[in-house]
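A.B. asks: Letter by letter, the chains look like this.
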Amino acid sequence: MTHEHPDDLLDAYAFGDCPEPWAQIVTAHIAQCVRCAALVQQAKRAAEWFSVSHAAAPPAGLRDRVLTAARAVRPPLPAAPAEAAEPYLWQVVEFGALLGGLSAVHWRAPTPSGRTVQDLVLHLAGNDHNVSADLGDRAGPRPGDAIHVWREQTDRLLQTIGRADDALLAQPVRLAGRAPLQRPLREALVQRAFETWTHGDDIRTAINLPTMAPAPEHLARIVGFGLQLLPAAMDAAGRGHPGAAVRLELTGPGGADHLVPLSVRGTDPPRVVGAVRMPADRFGRLMAGRVTVTEAAAVRTGDRAAGLDLLTVAATLGCE
Amino acid sequence: MLMAADESALTEVYDCHAPSAFALALRITGDRAGAEDAVQEAFVELWHRPERYDPGLGSLRTWLCTIARRRAIDWLRRQSTQQVYLTRLAGQAPVEPTVEDDVIGAATAKAVRESVRALPVLYRDAIALAYYYGLSYREVAVELGIPEGTAKSRLRSGLRLLADKMSAAGYPVRDEYTPSALDRT
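Chains as they are written, first to last, in numbering that gives the first Met the number 0: chain G, 0 to 319; chain S, 0 to 184.
Since the hints were derived computationally from the structure, they do not count as laboratory data.
All C-beta atoms in this analysis are idealised placements derived from N, C-alpha and C, irrespective of residue type, glycine included.
Some hints here could point you the wrong way.
As the list claims (entries may be wrong) - Calculated Cβ distances over 10 Å to all of chain G for the following chain S residues: (1) Ala20; (2) Gly33; (3) Thr149.
Unchecked claim - Simulated restraints, written as ranges between beta carbons of each label pair: (4) Ala169(G) to His47(S): 33 to 39 Å; (5) Pro171(S) to Val292(G): 51 to 57 Å; (6) Arg51(S) to Ala56(G): 24 to 30 Å; (7) Val33(G) to Leu121(S): 27 to 33 Å; (8) Asp256(G) to His47(S): 24 to 30 Å; (9) Val83(S) to Pro209(G): 43 to 49 Å.
Could you put the whole structure together from the sequences, leaning on the hints where they help?
C.D. replies: Structure representation (structure tokens):
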């Protein structure tokens, strides 16, 4: 087909009248043929113009009928989802927009973990499902394309959370990650945001897009989630310093100064032995295991070994 | 926010784009009930599968209108009465919009209507039959009583002339597509 132009298909394709598999043939062809691409562009532009050339007020009842029909195929979220779900909700929006733009080639691309984009999305949906299953939604999404499985799972989780009250937010659910931990739903939701962000950036990296940090207040909550787990994790890793703490100075959007105890044991208040300074979003990526301790290029002052222990253990707080 | 099943996003998108989709569907079906069904299917499809809309390929309005157009054409084809497309086209009175669109949209709409009106009727009919009724070159040829090759060349020439007129009016074909607030999902 390399020297043939699918000339008779171009206008139909541009108007949206071209069935598969011919549509795919045209898509592939115009990616390398300037002449045909220009003809498609010309017809597509005309179609766009025709779609805006007239407007007429739809009948008054149609809006409600549309909303009713829409609800029947996909239940909407409650109007004001729980504030605790907000970081996750925003990551879902970003992740969904990212997936919507992926080509077939993109779906097969390898990500930093070695999984394909497709398998990564299914993996994320699986971890999302662990949380909704622990809340009682055992069934989970129907099998299908990764994008549909992921979206159905996020719908189900957000539906289950709904306008969650304090009692629901306190319910223990599984956290993703190396250690089999259970934490309150409130914290697990922040981890959902954390993991969705991490894998969103994995996909962006796989397809040569720049990474995207969460909104500052959401990043701050993700960091806070990790720091809460850190003292116990340091003891578990054999790098605890009982009675000691490091001042973690996170800079940039989402940044703040944190006093991080280096063990769950010891004096209260702990003795500050040093400081570690770095941008907040880089610390988030370090937590996710996407930036090594060396790459983190944190500035360590005071007890630099204690600071290194903090960073080394922080790098294990991710979801894999 | 449509990705996250936010219903207020759907109502916002409906209020913004339904008038265009409805007007298009109505031009195709000539039937209000058929047009309503086509519009409903377009918005429900967007809600059900928001990931299918790729902002890189065009505006949300165009996307919704593409679906509504397809559904309206399918509706028309299911009608048992034999369609005489050219007669239907001739019966369409030139419609001025009944809804005030945004200022920029209104200007574009006006430019499109004027450019189309200025096309030679042979080209205009070929384009209209292909676009509003989804007719193939062969079907257009039958409607116009001309050879298939002529139908295709009239469509192409018509599109080229339309592009020239729109370009002269300040709307080039090769626009760098920049998403606007209208595309927020």
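A.B. asks: Which of the numbered hints are not met once you compare them with the structure shown?
C.D. replies: Hints 1, 8 and 9 not satisfied by this model.
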